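> The primary structure of each chain is shown beneath.
There are 2 protein chains.
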Amino acid sequence: MKNEDASGTDAGQLQAWRFVKEATVLREALLDAQFELADRSNRAVLILLNGADGAGKGQVLNRLHEWLDPRTLATLAYDITDRRDQRRPPAWPFWRDLPQRGRIGVMIGSWYHTILLHRATGGADEEIFHARIEEANRIESMLDAERVTLLKFWLQLSDSKNVGTKIRTGAPPGSRYNPLVREWVEIDTKKERKRLVRAARELILHTADSSTPWHIVEAEDPLARDLEVGRRLLDTLQAAARWQPQGRSKAPARPRRATSGKPVLPTLDLSQTLDKDSYETELADAQARIFTATQSKAFRNRALIVAFEGNDAAGKGGTIRRLRSALNPVHMRVHPIGAPSDEERARPFLWRFWHQVPLRGNTAIYDRSWYGRVLVERVEGFAAPAEWTRAYGEINDFEAQLTRAGYIVHKFWLAIDEEEQLRRFEERKETPHKRFKITDEDWRNRAKWPLYAAAVEDMVALTSTEAEPWTLVESNSKRFSRVKVLRSLADRLEDEL
Amino acid sequence: MKNEDASGTDAGQLQAWRFVKEATVLREALLDAQFELADRSNRAVLILLNGADGAGKGQVLNRLHEWLDPRTLATLAYDITDRRDQRRPPAWPFWRDLPQRGRIGVMIGSWYHTILLHRATGGADEEIFHARIEEANRIESMLDAERVTLLKFWLQLSDSKNVGTKIRTGAPPGSRYNPLVREWVEIDTKKERKRLVRAARELILHTADSSTPWHIVEAEDPLARDLEVGRRLLDTLQAAARWQPQGRSKAPARPRRATSGKPVLPTLDLSQTLDKDSYETELADAQARIFTATQSKAFRNRALIVAFEGNDAAGKGGTIRRLRSALNPVHMRVHPIGAPSDEERARPFLWRFWHQVPLRGNTAIYDRSWYGRVLVERVEGFAAPAEWTRAYGEINDFEAQLTRAGYIVHKFWLAIDEEEQLRRFEERKETPHKRFKITDEDWRNRAKWPLYAAAVEDMVALTSTEAEPWTLVESNSKRFSRVKVLRSLADRLEDEL
Numbered sequence: 001m002k003n004e005d006a007s008g009t010d011a012g013q014l015q016a017w018r019f020v021k022e023a024t025v026l027r028e029a030l031l032d033a034q035f036e037l038a039d040r041s042n043r044a045v046l047i048l049l050n051g052a053d054g055a056g057k058g059q060v061l062n063r064l065h066e067w068l069d070p071r072t073l074a075t076l077a078y079d080i081t082d083r084r085d086q087r088r089p090p091a092w093p094f095w096r097d098l099p100q101r102g103r104i105g106v107m108i109g110s111w112y113h114t115i116l117l118h119r120a121t122g123g124a125d126e127e128i129f130h131a132r133i134e135e136a137n138r139i140e141s142m143l144d145a146e147r148v149t150l151l152k153f154w155l156q157l158s159d160s161k162n163v164g165t166k167i168r169t170g171a172p173p174g175s176r177y178n179p180l181v182r183e184w185v186e187i188d189t190k191k192e193r194k195r196l197v198r199a200a201r202e203l204i205l206h207t208a209d210s211s212t213p214w215h216i217v218e219a220e221d222p223l224a225r226d227l228e229v230g231r232r233l234l235d236t237l238q239a240a241a242r243w244q245p246q247g248r249s250k251a252p253a254r255p256r257r258a259t260s261g262k263p264v265l266p267t268l269d270l271s272q273t274l275d276k277d278s279y280e281t282e283l284a285d286a287q288a289r290i291f292t293a294t295q296s297k298a299f300r301n302r303a304l305i306v307a308f309e310g311n312d313a314a315g316k317g318g319t320i321r322r323l324r325s326a327l328n329p330v331h332m333r334v335h336p337i338g339a340p341s342d343e344e345r346a347r348p349f350l351w352r353f354w355h356q357v358p359l360r361g362n363t364a365i366y367d368r369s370w371y372g373r374v375l376v377e378r379v380e381g382f383a384a385p386a387e388w389t390r391a392y393g394e395i396n397d398f399e400a401q402l403t404r405a406g407y408i409v410h411k412f413w414l415a416i417d418e419e420e421q422l423r424r425f426e427e428r429k430e431t432p433h434k435r436f437k438i439t440d441e442d443w444r445n446r447a448k449w450p451l452y453a454a455a456v457e458d459m460v461a462l463t464s465t466e467a468e469p470w471t472l473v474e475s476n477s478k479r480f481s482r483v484k485v486l487r488s489l490a491d492r493l494e495d496e497l
Numbered sequence: 001m002k003n004e005d006a007s008g009t010d011a012g013q014l015q016a017w018r019f020v021k022e023a024t025v026l027r028e029a030l031l032d033a034q035f036e037l038a039d040r041s042n043r044a045v046l047i048l049l050n051g052a053d054g055a056g057k058g059q060v061l062n063r064l065h066e067w068l069d070p071r072t073l074a075t076l077a078y079d080i081t082d083r084r085d086q087r088r089p090p091a092w093p094f095w096r097d098l099p100q101r102g103r104i105g106v107m108i109g110s111w112y113h114t115i116l117l118h119r120a121t122g123g124a125d126e127e128i129f130h131a132r133i134e135e136a137n138r139i140e141s142m143l144d145a146e147r148v149t150l151l152k153f154w155l156q157l158s159d160s161k162n163v164g165t166k167i168r169t170g171a172p173p174g175s176r177y178n179p180l181v182r183e184w185v186e187i188d189t190k191k192e193r194k195r196l197v198r199a200a201r202e203l204i205l206h207t208a209d210s211s212t213p214w215h216i217v218e219a220e221d222p223l224a225r226d227l228e229v230g231r232r233l234l235d236t237l238q239a240a241a242r243w244q245p246q247g248r249s250k251a252p253a254r255p256r257r258a259t260s261g262k263p264v265l266p267t268l269d270l271s272q273t274l275d276k277d278s279y280e281t282e283l284a285d286a287q288a289r290i291f292t293a294t295q296s297k298a299f300r301n302r303a304l305i306v307a308f309e310g311n312d313a314a315g316k317g318g319t320i321r322r323l324r325s326a327l328n329p330v331h332m333r334v335h336p337i338g339a340p341s342d343e344e345r346a347r348p349f350l351w352r353f354w355h356q357v358p359l360r361g362n363t364a365i366y367d368r369s370w371y372g373r374v375l376v377e378r379v380e381g382f383a384a385p386a387e388w389t390r391a392y393g394e395i396n397d398f399e400a401q402l403t404r405a406g407y408i409v410h411k412f413w414l415a416i417d418e419e420e421q422l423r424r425f426e427e428r429k430e431t432p433h434k435r436f437k438i439t440d441e442d443w444r445n446r447a448k449w450p451l452y453a454a455a456v457e458d459m460v461a462l463t464s465t466e467a468e469p470w471t472l473v474e475s476n477s478k479r480f481s482r483v484k485v486l487r488s489l490a491d492r493l494e495d496e497l
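These protein sequences, in sequence, are chains S and C. All residue numbers for the first sequence refer to my numbering, where the first residue is 1 and numbers rise by one. All residue numbers for the second sequence refer to my numbering, where the first residue is 1 and numbers rise by one.
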């Protein structure tokens with residue numbers, strides 16, 4: 001009775017009582033939405049929890065774990081000063097931990113943390129800072145399109161206590177244990193602090209009209225703060241759970257930026273060949289150069305990613321074998337890319353390739369690659385036009401991130417003509433140990449030769465960047481093709497190191 | 001015509017000709033067996049390729065890639081001097097890469113390499129060396145029982161060129177590129193070389209009568225060597241592909257080592273409780289101690305793994321939340337353990353837990369754990385008696401490996417009695433935000449109370465080792481239970497660091 005009489009309690013008690021009342025209702029709704037999301041598994045939800053140190057990121061995190069079912073909720077927290085993540089590109093840990101559809105991740109120390117910290121400590125000038133924000137916006141669009149919903153919170157204290165306030169104590173203040181999540185320990189000087197505040201404002205401004213704006217949450221009052229976060233999350237979870245894939249839109253059957261200029265495949269001189277002696281000498285020479293380059297000290301801080309695409313029976317397997325044997329098996333992996341697994345299907349298409357990004361000093365070889373999105377998935381209709389037309393840009397962003405991290409990305413298209421393919425198909429049918437290489441599907445693909453040719457032209461035109469060009473390889477002669485591939489890799493490595 | 005006339009060719013040509021003839025037949029049979037294995041996916045095959053440097057490990061590796069279909073074949077090569085793997089227990093990379101059923105892995109630099117190298121360079125005395133071999137034998141039995149077939153090759157040169165021969169050149173000898181896989185670069189002195197040869201002999205001897213003996217392959221003649229490896233592999237692939245699970249054997253319904261002594265659960269005083277003030281003070285105190293310990297410098301080279309098991313509704317979730325909030329989220333992950341995914345089901349049951357082993361300096365918290373094997377899987381019949389009865393020893397080996405690597409393994413059983421469980425089930429039914437915690441399955445489990453109690457008694461008796469004891473927690477009072485858990489962890493951490 002007494003508790004219900006507001007006049008008999010002070011303001012704090014009243015507030016706490018109201019909080020419990022609101023929180024009880026909110027919590028139930030959150031759980032319902034969480035279960036609906038898990039049940040339908042159509043989108044993932046990724047919550048980014050950023051803001052001032054001392055604004056209560058740790059407390060909000062604990063509150064979310066109190067309110068939600070922990071079985072489909074994961075905390076993903078990062079320390080960018082941690083050495084070991086730097087053996088891979090900066091985005092790698094975020095991709096590794098990306099929740100699958102139906103699940104929720106709460107991220108502390110996301111990519112925005114890196115962007116802001118670099119800006120505040122002088123690691124990024126105005127131009128780089130804005131380029132990073134632009135890139136982040138593109139990646140968010142991609143995640144959104146690939147069914148990851150982002151929910152971005154910026155916890156804010158009043159100006160005097162704002163972002164970058166120096167908090168040095170890790171000990172629990174008061175009698176109750178009170179964890180502190182410190183994001184900005186590296187911010188040391190007043191100048192850096194100012195720069196951080198300004199950069200944070202700019203960042204928030206720059207995404208204000210995007211589909212995933214920042215939610216600025218006043219953090220002075222912890223209970224109001226938690227309710228605010230909870231309500232936003234409820235909206236997001238409900239929207240994500242009820243999301244429906246749109247009917248296959250009438251998207252263009254051609255990529256947005258049409259291929260300009262003439263097709264390049266017909267210009268290749270497929271008749272080029274190589275005699276056996278030259279082949280053996282030149283192959284061994286290129287292998288030795290590749291071995292030496294990848295064992296060099298300079299390579300330890302780099303990495304090599306080689307993607308092989310090509311017509312069926314163009315000789316990818318045999319070429320990869322020659323390349324493989326030129327590399328130290330300790331620092332190399334070959335990834336044959338087939339249909340995605342269930343785990344992979346529950347995440348954006350680039351996820352599995354991010355997962356496989358090698359450590360520095362290592363080489364990853366792809367027998368078919370992320371380009372499947374704009375080749376087989378386009379031609380066979382596994383990807384909707386809206387999906388594959390945006391994939392060119394997504395792939396360029398992916399490779400640009402690798403390149404910026406010092407990775408060497410090299411892409412080969414192994415080209416044969418229709419007559420040579422027919423000859424090889426027939427040969428495979430006849431040779432017992434090659435029979436496994438020829439299936440009905442190969443014959444079906446062959447019937448779609450012009451469609452694949454068009455897809456290849458678009459791919460080469462739209463994803464040949466200066467840093468990551470396509471190397472087109474005339475492959476009617478296996479000897480010529482193998483030597484061209486290995487030599488071009490050797491040249492590239494020597495050039496880069 | 002000329003080629004078929006042996007008298008017209010020299011011995012080398014004749015040998016090469018015979019090789020091609022044999023290899024063609026072998027290759028076809030290997031591919032057939034490989035496809036049958038992939039098709040049936042009932043076992044994985046793991047080939048260990050060890051032996052003298054210069055005996056041709058790299059060449060054999062290349063040969064296998066030439067003969068087999070690369071799509072279900074992976075090379076797994078390790079460099080034990082590599083710093084980054086040392087941030088986890090030594091066996092971690094092998095577990096991480098363990099091929100799933102239906103697939104083949106070729107491993108270079110396996111655990112035997114580590115064992116031999118430590119022995120040769122003085123890192124392991126006679127006793128430790130033999131203890132490691134014994135442990136390796138137990139792990140092999142486990143892998144075999146869990147449907148991983150091992151095939152162990154030791155490539156041997158004549159005595160003068162044997163194991164540990166110093167080969168310093170990485171450059172390709174002769175005109176053809178010839179890769180060298182060097183396992184023993186660290187072997188420097190004559191003494192170490194001698195010790196290595198002796199250790200290798202002992203190792204091979206010690207596993208001679210096991211189910212997976214070493215195959216010693218004479219490597220002087222590369223062609224004969226490759227054929228020998230290929231033939232052994234063919235036998236192994238065929239056996240693996242045709243393997244049938246045995247009918248549920250009449251294995252004991254009780255673990256092999258019967259529990260001795262009286263049951264421990266009835267001895268717990270579940271009436272213990274704690275008043276609210278003491279609870280808040282003591283909880284905060286334990287949380288602060290855990291925070292301090294896990295943030296200490298000494299912890300950076302250690303790691304903490306906490307497993308929570310307990311009766312349904314015993315309060316695991318709430319306890320984990322209190323523990324979670326005492327840890328830096330950057331260095332902590334909570335793993336709720338449910339039914340295994342398809343990926344996990346295709347590998348030994350310990351695989352997913354090995355996968356999740358935290359980096360040094362980090363904490364992993366398990367909401368249910370690998371003990372599911374001897375609890376729910378035993379009681380519900382998901383594991384055959386032969387499987388769960390051997391699991392006690394397998395789990396002890398798993399935890400011993402973690403402990404040896406400096407990991408702190410702490411296991412809690414949260415115990416409530418039947419009346420308290422009923423009360424909590426009823427409460428859950430009534431409380432909107434707790435409804436999700438109670439399902440029909442919980443009621444079904446409750447009906448099997450005596451079976452679970454027996455399983456817990458066996459588990460505690462058979463897996464309480466000195467280094468990794470079970471802590472039984474009287475949990476009828478949530479306050480008492482939480483404080484006991486956190487305090488006992490704080491004590492353990494302060495004790496260990």
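Read the hints as simulated data drawn from the structure, not as lab findings. None of these values were measured; they are calculated from a predicted model. Take these hints with a grain of salt, some might be off.
Identical chains blur together in the list; that is why a pair holds if it fits in one copy or across any two.
Claimed, not checked - Simulated crosslink set (DSS-like; lysine-lysine; CA at most 30 Å straight-line): (1) K478 with K262; (2) K262 with K21; (3) K448 with K194; (4) K297 with K190; (5) K478 with K21; (6) K448 with K478; (7) K297 with K448; (8) K437 with K191; (9) K21 with K276; (10) K429 with K448.
> Compare the structure with each hint and give your call.
How the hints compare with the structure:
no.	hint	result
1	K478 with K262	within (27 Å within a copy, 74 Å between copies)
2	K262 with K21	neither (69 Å within a copy, 49 Å between copies)
3	K448 with K194	neither (60 Å within a copy, 63 Å between copies)
4	K297 with K190	between (40 Å within a copy, 29 Å between copies)
5	K478 with K21	between (74 Å within a copy, 23 Å between copies)
6	K448 with K478	within (24 Å within a copy, 67 Å between copies)
7	K297 with K448	neither (46 Å within a copy, 62 Å between copies)
8	K437 with K191	neither (64 Å within a copy, 51 Å between copies)
9	K21 with K276	between (83 Å within a copy, 22 Å between copies)
10	K429 with K448	within (20 Å within a copy, 59 Å between copies)
Violated hints for the displayed structure, listed by number in ascending order: 2, 3, 7, 8.
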